[in-house]
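S.K.: Sequence:
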Amino acid sequence: MSLHNKILIIGGGGREHALAWKLAQSDKVGKIYIAPGNAGAALLPKVENVSIDLKNFTVVAEWCRENEINLVVIGPEDPLANGISDVLQSHGIPCFGPTRAAARIEADKNWSKQFMDKYLIPTAKWQSFTDAKEATAFIEK
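Heads up: the sequence shown runs through residues 547 to 687, numbered per the numbering used here.
If a hint is listed, it holds; no wrong ones were tucked in.
Quick list of the computed label-pair ranges, beta carbon to beta carbon: (1) Asn584 with Asp663: 34 to 40 Å; (2) Gln673 with Ser572: 44 to 50 Å; (3) Ser658 with Val596: 29 to 35 Å.
Using 30 Å as the maximum straight-line C-alpha spacing, the simulated DSBU-like pairs for lysine-lysine come out as follows: (4) Lys568 with Lys601; (5) Lys687 with Lys671; (6) Lys577 with Lys601; (7) Lys552 with Lys592; (8) Lys577 with Lys552; (9) Lys659 with Lys671; (10) Lys552 with Lys574; (11) Lys577 with Lys592; (12) Lys679 with Lys655; (13) Lys574 with Lys592; (14) Lys687 with Lys664; (15) Lys687 with Lys659; (16) Lys655 with Lys671; (17) Lys679 with Lys659; (18) Lys687 with Lys655; (19) Lys679 with Lys664; (20) Lys601 with Lys655; (21) Lys601 with Lys552; (22) Lys592 with Lys568; (23) Lys568 with Lys552; (24) Lys659 with Lys601.
Hints were generated in silico from the structure; no laboratory data involved.
None of these values were measured; they are calculated from a predicted model.
Note that the Cβ used here is the ideal one computed from N, Cα and C, for glycine as well.
Could you build all of it, start to finish, from the sequences and the hints given here?
M.R.: The following block contains the structure:
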């Protein structure tokens with residue numbers, strides 16, 4: 547990384563604020579953009595909140611190209627589960643975050659529990675329900 551790297555952090559919560567705070571301490575980071583960001587993070591050195599259409603990943607990729615972003619860090623689960631990393635990578639933009647397929651283990655709890663059962667990964671007792679009465683009966687057992 548050069549001494550003037552530009553980083554885009556996607557998200558607006560405490561996790562993204564903490565990431566921006568720590569990244570801003572690096573002399574290898576010149577500028578940090580957070581979309582949408584938050585008021586507290588905007589007070590950090592090197593940090594600027596930006597407005598980008600985060601539901602349109604092609605728009606995000608174009609914004610990254612126009613602003614010469616060296617790395618995108620994705621915090622929230624939803625954009626990861628919807629494939630933002632895949633789109634950014636397909637545009638040649640380095641990003642820190644799992645692919646859509648890899649994010650499924652966090653985004654789809656039913657699938658992740660089935661995966662853990664299939665591969666004998668220890669997990670809490672579970673069952674999936676579509677009926678509230680059946681779920682209540684299971685909990686009360």
